[in-house]
Amino acid sequence: MNPEPAVASALSRSYKHGFVTAIQADTLPEGLDEGVIRRISDKKGEPEWMLVWRLAAYRHWLGMTEPRWSSVRYPAIDYQAISYYSSPFADARTPVSLAEVDPKLLATYEKLGIPLDERLSLAGVAVDAVFDSVSVATTHQKMLAQKGIIFCSMSEAVREHGELVRHHLGTVVPSGDNFFAALNAAVFSDGTFCYIPPGVRCPMELSTYFRINAARTGQFERTLIIADRDSYVSYLEGCTAPMRDNHQLHAAVVELVALEGAEIQYATVQNWYPGDEEGRGGIYNFVTKRGVCRGARSRISWTQVETGSAITWKYPSVILLGEGSEGRFNSVAVTHHHQQADTGTKMIHLGANTRSSILSKGISAGHGHNAYRGLVKINAAADHARNHSRCDSLLLGGSCSAHTYPYIEVKNASARVEHEATTSRIGEDQLFYARQRGLLAEEAVALIVHGFCAEVLRELPMEFAVEARKLLAVTLEGSVG
Amino acid sequence: MLNVEGLHAAVGDRPILRGVELTLRPGEVHALMGPNGSGKSTLVHVLAGRPGYRVTAGRATLDGVDLLAMEPEQRAGAGVFLGFQHPVEIPGVSQQLFLKTALNALRRRRGEAELDASDCRERILRATRSIGLEESILSRSVNAGFSGGEKKQNELLQMATLTPRLALLDEMDSGLDIDALARVSQGIQALRGPDRAILLVTHHQRMLDWVVPDRVHVMIEGRIVLSGGSDLARELERRGYGWLMEEAA
Ligand SMILES: Nc1ncnc2c1ncn2[C@@H]1O[C@H](COP(=O)(O)OP(=O)(O)OP(=O)(O)O)[C@@H](O)[C@H]1O
Ligand SMILES: [Mg+2]
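Which chain is which? The protein sequence lines are H and W, in order. The first sequence begins at 1 in my numbering and counts up one residue at a time. The second sequence begins at 1001 in my numbering and counts up one residue at a time.
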């Protein structure tokens, strides 16, 4: 009988997106001051109001301190040792057509499985491709424009749809909201802007693929999605980065606005480089994501599969303002080796008959540290608000940890709030059962984990569910044996 | 086919198997009986490679190949199937996915081409019908919320799908009502085949009325102390194990 090569090779982890694209880049020197912010704004050809907004955020940020309340631990970040802008283009403007884009960039996205040529792209998915600090290309814009849908890079939106952006930017995540949100407001370089007009059901999945390439560069993107009355949009976000020994900072802000009767489904498959087995390198993923259900009966759902990053620190939240509005949070977070995740959500019930549900699945292996932190807040005016939360943790091995911190604040007696939590360990029994049927230990773990997350993965569009499942399997390679 | 010679196994420092001798030839069905705690489940688990048992002496080969040197999944690849006394639940994993994954894992291991989704489905459906189960069982999570009878039948569904050479079936008849016992027994009888050997661990004659064994063995304190034809099971039903235990002591 042949020895099983898969067992041996599975003991070392493989990050499949860790390559670097060798490309000439226009990169600002490391360091941060008002001059840097002016140069970013200038490179983007921004209107004056945008610069004013950035500078106000920067001054605010200077007076803030990094939050220390979460359970994640990392050495102090030197904000003067980061470059805040790196573009693969000499000219700051996005090329008008793919023909103008450096073939190396196109090849990079091809290698990542995201062809930017519309004819080759995944059926039914439009992509905005962000490379370091700029959007490289945005597909299917013309087709979407026929329906009145705006889908473009944030830089383009600031230039071309200034009034719309100005009206909504910072209304969900104010520029001084928290340390990282303020930093983002000051230096954000690109991201995606979507506007769905009243009554329109967006015919494609809209997506952004974030790629960090340059070394010692931070990525600070900002995404704003506005779903006007009775519209619908499903949006997806994917991310990868090269393998490097030093940590890189990714501090993004995402704002969602759902007006009356509108629905936004926002999904993330996060696969930033997690660092190596010893915990060297990897992305610090410090992200503020928040949506507001501004209109009655509006709905926002966050679905996230977090497999990458050295540290994940994010709490995609929903402010339930409109009467009868609904917020949902579905999450799978995996930590292996020395990865840390402190993630969860906030559901803020302001309107009557608002509903929210939280489903969190945390998986820890190796020395991974996984915390769910969630707030359910029912304000006095939120009559008959309802929330249901379930947090399940799965442990693989004895050196990892899982914690659940549910915070519940109820100021209205008619509210109904339910919280359940479980912690389980992958059983020897389950493993042996699956191996007896012929599965490798690795395959068995992947299958059991898949089952553990199935309810969340079902919330993802088909292609991404398949991708997410593969990612989970890769992430947990070497977690047994 | 299966050859077990002088097999000793322990859990920690505690010896449980103390020199098991057993030979099964293709096409044969053997019954393994014996009092509670005598080591029957231990034997089938050791043969299937369950971690936690230490083999201290002896050999076990399948078609001349050393089973004890292999990982559990390799033994499965070599054709060993264990029907669990207590089948394990895997929440969120559909039976269809589990069976498909197992089927293709075994095929890869044998160097056979993987089956595509529709061929898999076809095979699994055929197996499901042959065991007398409803197709709807395939969309449920593996063993999750199954009744005792369904769990046992489900083990047979897996066996029918994976077509092992050697099936070690641990108390497929425990905890079943009369009708379920008949269904499970008929299922096993249907899975008999000229190239397959089956070892049935059981406490009761009832199943052996349906699945008449070629040989019956009695295990006491980790050793097979008596073997005979199918009549032996009836004799044990009448006399119990007391007389054998005295002899063994
Ligand atoms: N993993 C284990 N750890 C400790 N003791 C064990 C373990 N497995 C088996 N034993 C012990 O070994 C002995 C034999 O157990 P085994 O389950 O093989 O018996 P059995 O013949 O199958 O009994 P039954 O008819 O009740 O199923 C028992 O005393 C049991 O407690
Ligand atoms: Mg037993």
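Hints in this document: simulated from the structure, not taken from any laboratory. Incorrect hints may appear among the rest.
Stated by the list, open to error - Across the chosen pairs, the derived CB separations fall in these ranges: (1) R1126/W x I23/H: 49 to 57 Å; (2) D429/H x V1055/W: 48 to 56 Å; (3) T423/H x R1110/W: 33 to 41 Å.
What the hints assert, rightly or not - To spell it out: a stretch of chain H is covered by chain W in this simulated footprint if at least three of its residues, at any positions, have a beta carbon under 8 Å from a beta carbon of chain W; those stretches are: (4) 428 to 438; (5) 448 to 458.
Even for Gly, the Cβ is constructed at its ideal location relative to N, Cα and C.
Within the assertion that chain W covers the stretch 448 to 458 of chain H, do at least three residues meet a Cβ-to-Cβ distance smaller than 8 Å? holds (count 7)
Taking 48 to 56 Å as the hint, is the beta-carbon distance of D429/H and V1055/W inside that range? violated, 20 Å
Using a Cβ cutoff of 8 Å, are there at least 3 residues of the stretch 428 to 438 of chain H near chain W, or does the coverage claim fail? holds (count 10)
Go ahead and decide if the range 33 to 41 Å is satisfied by the Cβ distance of T423/H to R1110/W. Holds: the Cβ-Cβ distance is about 39 Å, inside 33 to 41 Å.
Quick one: are R1126/W and I23/H within 49 to 57 Å, going by C-beta? holds, 55 Å
Checked against the numbered hints above, the structure violates only hint 2.
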